[in-house]
Amino acid sequence: MRVISIGLVLILSICSSAWGMERFEIVTTYELKQLLDDREAGIVDFILVNALDALIYEHHHIPGSINLPLHRVSDALSVLGKPKDRMIIIY
Amino acid sequence: MGYSRIKIYNGGIKDWVKSGYPLASIHPLPETEHRFLSTDELLKLVQQADTKGCKNKDGSAILTILDFRNVDHLSRDNLPPLILSNCKTVFLKLDDIRRPDVRRQIPDSGTVVTVTETGNRDIFIQRYLSQFGFSNLQELQFGMRGWLKLRYPIQERD
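Line by line, the protein sequences are chains D and G.
For what it's worth, our numbering labels the leading residue of the first sequence as 1, then goes sequentially.
For what it's worth, our numbering labels the leading residue of the second sequence as 92, then goes sequentially.
Next up, chain D with everything else stripped away, as it sits in the complex (with noise of 0.2 Å):
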């Protein structure tokens, strides 16, 4: 859980600074609405996160979209649970 903390800090944390994104396969709106619609439908499974404050979250979010933010990253494993296969796509 340790090892999952600290590569999903480091993710997050470079999401909130914006540097590294390179490191990361990057999903275009395009890309994400058809990966929302068939999750939807029932065809593929991800996990849509909004590293955001959750004040920020609460005024708006992307639907389907659950909210971790980065000061809460030690919750990962309870909010995005155990399957570690699972695609998780971060905004």
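Note that these hints are calculated values from the structure, not bench results.
Errors might be hidden in some of the hints.
Derived lysine-lysine pairs resembling BS3-like cross-links, with alpha carbons at most 27 Å apart [stated by the list, open to error]: (1) G:Lys105 to D:Lys33; (2) D:Lys84 to D:Lys33; (3) D:Lys33 to G:Lys146; (4) G:Lys148 to G:Lys240; (5) G:Lys135 to G:Lys148; (6) D:Lys84 to G:Lys98; (7) G:Lys98 to D:Lys82; (8) G:Lys109 to D:Lys33; (9) G:Lys135 to G:Lys146.
Just so you have them, the derived chain G footprint on chain D, three or more residues with Cβ under 8 Å [unchecked claim]: (10) 28 to 38; (11) 47 to 58; (12) 66 to 73; (13) 79 to 89.
No residue lacks a Cβ here, since even glycine has one placed at the ideal position from N, Cα and C.
Mind docking chain G on chain D? Use the hints.
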């Protein structure tokens, strides 16, 4: 080991909305006037405030800086620098402004400048706090990134 299939949607909410897709909302924030200071304006204000010990004649603070940058995940040796100023800097987490005891740390007079990493989150701070009568908040435009890019005076955290 760990979550191995991680991808980034770097378009964010801006691109999502620009593409015409809807957003969901749980607690929408009220609209408020978006007030901000440019990096140069804040530098000038800091310099002027520092010459007066950052106090008005009535003893109130000329300027207070609210630093909302997320640093909990960083090691002590790797903490980002602060704006160099004799004025008070209060370190807050954005979500914590929902607590009354945290809001009591925010002055309701004088200039209060919010500082985030890039200036993208500040409007939400202003919109949320406007519900509690705070009308003296201004955002540092482009956040600390803008300040650092111009190599304006900084200091290390204690």
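Going through the hints against the structure:
no.: 1; hint: G:Lys105 to D:Lys33; verdict: 14 Å, holds
no.: 2; hint: D:Lys84 to D:Lys33; verdict: 23 Å, holds
no.: 3; hint: D:Lys33 to G:Lys146; verdict: 53 Å, violated
no.: 4; hint: G:Lys148 to G:Lys240; verdict: 34 Å, violated
no.: 5; hint: G:Lys135 to G:Lys148; verdict: 19 Å, holds
no.: 6; hint: D:Lys84 to G:Lys98; verdict: 13 Å, holds
no.: 7; hint: G:Lys98 to D:Lys82; verdict: 17 Å, holds
no.: 8; hint: G:Lys109 to D:Lys33; verdict: 13 Å, holds
no.: 9; hint: G:Lys135 to G:Lys146; verdict: 16 Å, holds
no.: 10; hint: 28 to 38; verdict: holds (count 5)
no.: 11; hint: 47 to 58; verdict: holds (count 8)
no.: 12; hint: 66 to 73; verdict: holds (count 4)
no.: 13; hint: 79 to 89; verdict: holds (count 7)
Checked against the numbered hints given earlier, this structure breaks hints 3 and 4; the rest are met.
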